[in-house]
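Undergrad: Mind assembling these two chains? They're in different frames, but the hints should get you there.
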Amino acid sequence: MTRPGDLRHRTLAVLVEDKAGVLARVADLFARRGYNIVSLAVAPTGNDKFSRITIVVDVESAPLEQIVKQLFKLINVVEILELAPEAAVERELIMVTVDTSSPDDDGGRSRRSEVMELVDIFKGRILGVGTDALIVSLEGTPEKIDDFEELISDFGILEIQRSGRIALTKLGVDAPRLRA
Amino acid sequence: MRINGAQALIKSLEMEGVDTVFGYPGGAILPVYDPVIDSDIRHVLARHEQGAGHMAEGYAHATGRPGVCMVTSGPAATNVVTPLADAMLDSIPLVCITGQVGLAAIGTDAFQEVDTTGITRSITKHNFLVTRAEDIPRIVKEAFFIATTGRPGPVLIDVPKNITDANNPDAWFEWYWPETVDLPGYDPDDTVDNELVAEAVALMLAAERPVLYVGGGVLKARGADILRQLVELTDIPVVTTLMARGAFPDSHELNLGMPGMHGNYTAITAIQESDLLIAMGSRFDDRVTGKVDAFAPFAKIIHVDIDPAEHGKVRRPDVAIVGDARLAMEEMVAQINAAGGASALANHDAWRSTLSGWQENYPLTYQASEPGELLKPQFVLEKLRDGSPADTIVASGVGQHQMFTSQYWKFDHPYTWINSGGLGTMGFSIPAAIGAKAAFPDRTVWAVDGDGCFQMTAQELVTATVSKIPVKIALLNNAYLGMVRQWQEMFYDNRYSEVYLSHDMPDYVKWAESMGCVAFRVEDPSEVEEVIAKANAINDRPVVVEFRCVENENVFPMVTAGGSNDDVLVDPSQADALERDRATRVVPTPNAALATEVAR
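So the protein lines, in turn, are chains A and B. Everything in the first sequence is counted per our numbering, starting at 1 for the first residue and increasing by one. Everything in the second sequence is counted per our numbering, starting at 1 for the first residue and increasing by one.
The shape of chain B in the complex, shown without the other chains (with noise of 0.2 Å):
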C-alpha cells in the first residue's frame, strides 16, 4: 500500500492505540490535518496551542496514557513549550507533533520558522526531526515507546511539510509498521535488584520511626494498590507529596498527608524526626525538602527511583534502589512477607503516638469567615468536596488555591488529582481538566482555578462548550495574584506590587456565559453549597462557579524558602503551642540497629 508521510502519521498514531488528539492547525502541519478528517481519532481543537498542550497532559495524567497533541511551527511550537517544559518536571508522557518548514527551507529564516527541536531539546525525554518520509513509522513508534518507557516524560517529533505533502513524489513510500524498535542507547530495564530491597527491608524492619515519602512515581508505575499492601503489613505512615496526592487515600489512619512548603504539621515533622525514610517515587524536590542540610537530618534513607540521575542528586542514600516502584514494593511485601511478616517489624507504638499527637495538636485549621464578610477559600474546597462525587477528578492552577485543594480535598483514589508540580504552570487547570474529561466523558471533573490563572487560559472553555466537554471550574476569585500577594505580605513587609486584579474585572460570570458555560456567582458562604449541588447537576455544558473569596487569606502550615523543615510556620492560632512544644521537644535518640545495618 503506497502511503505519503501525512496520511502514515496519523496511521502511525492509530496503531498506537491513540483514541483522541489535541491540537490547532496552521501551514506547516496542514497535509496532516487532511487525513485526520477520515480517522476515528478524535480531534479537539484548542483555542490556544498551549491549551492543547495541557489537554494532552490532562489525558495522560488521568489515563496513565501517553497524551498526543499536534500544532504547526513556529509560533504554535513556541506556544507548546510551556506544556513540554510541564511534562518534563512532572514525567507526564506526551508524543507532541509539531509541523515544520519544507526541508529546503529549514535554516532560511523561513515564514514560520524556528528551531523547534533546539529550543525543545531540554524540555523533552527526547525528541526528532524527521527528515524522510519512509522515517515516519519508525519514528512514532520510537516515540511512544520512548514517552511511556522508563521515567515517562514528553517527545517531540517535528515534521517539516515537503514529506507530509501528497503533491511531493517523494512523500509517498510503501506502508508498514516495525514490530520492534532499535535504539541502541535506550534500554529501560524497570527491574530491581532483589539484593538492594533486602538491604532496603533490614533497616525497614528495624526502623522505630520510619517514613514513607511516597513521590509520583508510584502512580507512573500504577503502584497504588502494592503501596496499600505495604503500608499495611508494616504499619509504616505515608506522605503524599504533591504529585502523588492520591496515591494513598487520605482517609487511611496511616496517611500522614502532604509534605513540604504547605504541607501539613505532622507529615513535614515526621519526616524531620524519622529514623528511616523510604522515598518511593519521589525526587527530594526543594519544596519538599526546605533547607536540604537541615532535611530529615536522623534518617537513613532508601530511595527507590528508576532514574538512577535522582540517586545522589540532592540527597546521598543509604539504599539506592533503581527501578519501577511498583516491581520494588512488589518485592519488598515478599521478603517483609518471608521474614515473618509484621511481627518481624521493631515495634512502632511511640512513633504512632507521637503522630497522633501532632495530628490532634496542628490539624489543617482555617478561621472561619464573619458576618458580612466575603467566603474562606478552604471553607469552599471542604463543601466541594463533600458535595461531589467520591470518583471527582481534580485539576488545579498553581498558587495559593493549588495548595488549599491539596490540603483539603480528600484523595481516596488515584489519578484523582492533576497538577503542575514542577513547572508551577498557572492556567494548568482549565486545558488539564478538558484533557481529563475528554478520557473520562462519565466522571466528574472539577478544575479549581485561581482568577490570575483563569485569565491566562480562560478560553479553552469555548473548546469545552464546543466539543462537548463539560467540565466545572470553581474560580477562587480573591481579586489577588494571592500567593505572590502572601510572599509580599510576609517576606517584603506588606508593600504589594503588582499583585491586584480586583474581584469584578473581568466580569467573570459573563466572560463563562459568553463561552456557552452555565455560570454562578457566590458570594455567601450560606449558598454554596446549594450553587454547588447546582453545578454538579449539570451535564450538559461547562459550569464556571465564581466563588468570592476573601482578599486577604494566607496558606499555612508554611515552610519558607530555603528555611528548615523544622521552623515550619503553623497556622497563628496554633503558634503558641507549638512555641511551647518546641521548648520541651526532646530531640530524637539514634537507632543503634540502623546504624548497623548500614554498616553492613
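Same shape as in the complex, but just chain A (with noise of 0.2 Å):
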C-alpha cells in the first residue's frame, strides 16, 4: 500500500478560479490521463475568487512534468506551487473509530487504556467513548498520521477516515512556482 509520505508521491498547490464545476475539470484530466491522486484537498483561499487544491500527486503513473503541463491547460487553474516536504509545512487529520472489545494482554476486560495510551503518545484526541470502541483523533505531519495509522490498526479499526494532505509553504521559503 503506498502512503502520501511516499518519495514517489509530490505534493501540488494549485491555485484554481472559484468556479462551478473546477474540481470536476481537475479530476477529469487525472482520470482521462492515467494520473494518479493519492489525496486531495480542496479549500478556500483569503480571495473569494479563488480556491486552493491541494493535490498529492504519483509521480510513477506520469512525469509531474507533464502533470503540470497539463493541469495548466485547464483553463481556471491560475498558478501552480510545488510544496516540497523541506519548502512546506504540511498537516493531515486522521479520525479512527476503534475496536477496544477484545481482552487486553493484562487479563483486563477491554483495550481501552490501551488506546488512550498510544493516542496520548502522539498527543491525539479521544472524541468518543463507547463500551466496545472509541473514536479518535490525530493531527500531525503525514508521516507521523502514517506510523499512528500502522500502529492503531493492530487494535482492529472499525471505520477510518483521513482528510488528505494540506500545505502552505514554510516562512522564509520560496516555495518553486512551476511553468507550463
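Everything labelled a hint here was simulated from the structure, so no lab data went into it. All C-beta atoms, glycine included, are put in the ideal place defined by N, C-alpha and C. Possibly wrong hints are sitting among the right ones.
Pulled a few chain A residues facing chain B out of the computed Cβ check, cut under 7 Å [claimed, not checked]:
| hint | residue |
| --- | --- |
| 1 | Asp28 |
| 2 | Ala43 |
| 3 | Lys69 |
| 4 | Gln70 |
| 5 | Lys73 |
| 6 | Asn76 |
To give a feel for the contact side, a few chain A residues facing chain B, derived at Cβ under 7 Å [as the list claims (entries may be wrong)]:
| hint | residue |
| --- | --- |
| 7 | Ile75 |
| 8 | Val77 |
| 9 | Val78 |
| 10 | Glu82 |
| 11 | Arg177 |
| 12 | Ala180 |
With a straight-line Cα cutoff of 27 Å, these simulated DSS-like cross-link-like pairs (lysine-lysine) come out [said to hold, decoys possible]:
| hint | chain 1 | residue 1 | chain 2 | residue 2 |
| --- | --- | --- | --- | --- |
| 13 | B | Lys141 | A | Lys49 |
| 14 | B | Lys291 | A | Lys19 |
| 15 | A | Lys73 | B | Lys313 |
| 16 | A | Lys19 | B | Lys141 |
| 17 | A | Lys73 | A | Lys19 |
| 18 | B | Lys468 | A | Lys73 |
TA: Spelled out as C-alpha cells, the structure:
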C-alpha cells in the first residue's frame, strides 16, 4: 500500500478560479490521462475568487512535468506551486473508530486503556467513548499519521477517515512556482 | 438598451464578426432561434447536428476563423460530441452553443436534459454553463478568445432556456459589450524565447541530414510563407503530416511528402536517417512515429509547439521552444541570416543525393486497371487533381480514400486540404466540404468520400441543395470498408468480418438525385476525365460522381500499427528492390558537431 509520505508522491498547491465544476475538471483530467491522485483537499483562500486544491500526485503514473503542463491547460487553473517536504509545512487529520472489545494482554476486560495510552503518546484526542469502541483523532505530518495508523490498526479498526494532505509554504521559503 | 438573453447571444455573435452559423433548432434553444430571423448572420440548417458541427469545422479549416454551430439540448448536444472531439484532436477553433433545460430543471432528469458540460469536458478546450442572462456577452467573448488563441480548439457554451426566454423578466438586462476578457488562469503567450531559437539555429547550421517535420500547427499559425523562406534559405527538406498538407507546396523539390503510416518511403526514411529533426507545430502522433523507441533514432530533436504539454509527451526534445510556429520561424530566418545565411550551413549535398535516390527508386505507385476491371482509386484521384482548378479545396472522409487523396493530390496552397486527422471521423467530408464552400462560394470544393463514409452523412447533401452550397462529391465506391478490409487481409489472414457493403446497395445515383444533386456513375477508366470535366462545369447544384472502384486495392506504403518506420512496406512491385537495398544500407554516422552543440 502506498502512503502519502512516499518519495514518489509530490505535493502541488493548485490555485484555481472558484467556479462551478472546477474540481470536476481537475479530477476528470487525472482520470482521463491515467494519473493517480494520492490525496486531494480543496479549500477557500483569502480571496473569494480563488480556491486552492492541495493535491498529492503519484509521479510513477506520469512524470510530474506532464501532469503540471496538462493542469495548466485547464482554463481555470491560475497558479501551481510545488510544496516539497523541506519547503512546506504539511498537515493531515486522521479519525479512527477503534475496536476496544477484545481482552488486553494482562487479562483486563478491554483494550481501552492501551488505545488511550497510544493516543496520548501521539498527542491525539479522544472524540467519543463507547463500551466497545473509541473514536480518536490525530493531526500531524503525513508521516506521523502513517505511523499512528500502523500502530492503531493492531487494535482493529472499525472505521477510518483521513483528510488528505494540506500544506503551506514554510516562512522564509519561496516554493517553486511551476511553469507550463 | 434592454435586451434578453436570446437577443444578447445573437448580438454577441455579431460582435465577434460571425457571418455564418450552422445549426439545428429544438426545444431548449427555441428562444435563440427567434432573433436569428432578424440577424444578418446566415444560418445554415443542417439535417443532423453532427453535420452542423462538421460544417463549422470545415468553415474553420478553410478560413482560419472560428466555426460556429448551434443546437438544442439532450440528443442534439450528444450529436455534436463527435465534431467537438474531432475539433479538439485537430485543434480547430470552434464555438458550439447548446440549449439546456431551464436552470430550475437542471439535475431533475428533465425532458431532453443531459449533463452537456460534463459530457464535453474532456473534448473541449473549455466549456461554460451560463447561469445569468447578463453573463452572455462576457462568456461569448471569452469563448471566442479561448477558441482562437494559443492552441486553438472547441469551446462549448451551454445556455439554459429560462435565461433566453423573453417572457422571463430575469432574462432581460442592459446590453453591454466587454472590451477585454478577465481570465486569470489563461494568458496565451505566443512569443518565442530568442535564446532557445539560437540554440536551435546552432543545431540547424551544423546538421548534415536535417528534416523539417511540419505539422498542422504551421497552418494554424498562418506560417506557410515564412516556412517557405526558411526552407529556401536553408535547403532543409520538408515532410508535411496529414494535418499539414498544403503548408508547403508539393511541387517544391524540397517537399518529400507525407510521413507516417501511409506516408511515402522517402519522407518516412528521411526522418529515420536524419541527424536533426525539426518538429514544427507537430506532435509526434503515433500514426507518424510508429514504434516510438525506433523513431528517428539518430536525430537530435528541435520541437516548436505553442502547447508546452506536447514537449516531452512522446519524445524528449533537445531544444524545446514554446510559442507560435510562425514567430519561431521568423526568428530562425533572422538569426540564420545574421549568421551569414546559406553559407553558414553545413553541406547537405550527400543528404540531398540520398533523398533523390530514394525518390527515384520508391515513388508512390500503383498498377493500372486491367481491361474490364473497375477503376483504381489512385487513377481517379490523379484525374480529379489534374481536372480541377488549382485552388480547389479538397475534403475527405476517413479510410483508404483519405490516404489516397493525401498521397495523390498535389497540395500547392495552404488551407486547401480538410480532413479528420486525429479522431478519424468517418462521414466527415460531406459536411466539412459544405462548411468550406459556405465560406468560399466562388471556389471549387470537392469532397472525396468512401462508400462507408457516404452512408454516414449523405443526408447533408439535402442541406447543400436547399441552402445552395454546391459542393461536389467524388464517391470512391469499392463496395467495402476498404481500410478495415485491408487490415483483415494483412493481419487477420483474409478473414473478412463485417466489411462488405456492396457496390449497388444503395443505388448512390438515385439517392443523390433524390437529394437534388446531379449524379454520375463511372465504371470505365476511359470515362473518368470526361465526367470530371462535366462535374466541374456544374456550379448551381451539388454533384455526386460515383466512381466504381476495384474491391481489393490496398494502400501502400504502410507502416503497421506499432511497427517501426524502418520496416515500412512499399508497393509490392518495389518490395524486392527495397530488400536488396536494405541489405547493403550503411548505418548513418553520428554527427559529432551536433552532439557538441547539444552538450553546450
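Undergrad: Each hint: holds or not?
TA: Against the structure, the hints come out as follows:
1. Asp28: OK, holds: Asp28/A within 7 Å of chain B, min 5 Å.
2. Ala43: Violated. Min distance 18 Å.
3. Lys69: At 4 Å from the nearest chain B Cβ, Lys69/A passes the 7 Å test, so the hint holds.
4. Gln70: holds, 5 Å
5. Lys73: Cβ of Lys73/A sits 6 Å from chain B, so the hint holds.
6. Asn76: Since the shortest Cβ distance to chain B is 5 Å, the answer is holds.
7. Ile75: Holds, about 4 Å.
8. Val77: holds, 5 Å
9. Val78: holds, 4 Å
10. Glu82: This hint is violated: Glu82/A lies away from chain B, its Cβ roughly 16 Å from the closest one there, beyond 7 Å.
11. Arg177: violated, 14 Å
12. Ala180: It holds, given that the least Cβ distance between Ala180/A and chain B is near 5 Å, below 7 Å.
13. Lys141/B with Lys49/A: Measuring from Cα to Cα gives roughly 20 Å; hence the hint holds.
14. Lys291/B with Lys19/A: violated, 41 Å
15. Lys73/A with Lys313/B: holds, 14 Å
16. Lys19/A with Lys141/B: holds, 18 Å
17. Lys73/A with Lys19/A: holds, 16 Å
18. Lys468/B with Lys73/A: Violated, because 40 Å separates the two Cα atoms, which is more than 27 Å.
Consistency note: the structure conflicts with the earlier hints numbered 2, 10, 11, 14 and 18.
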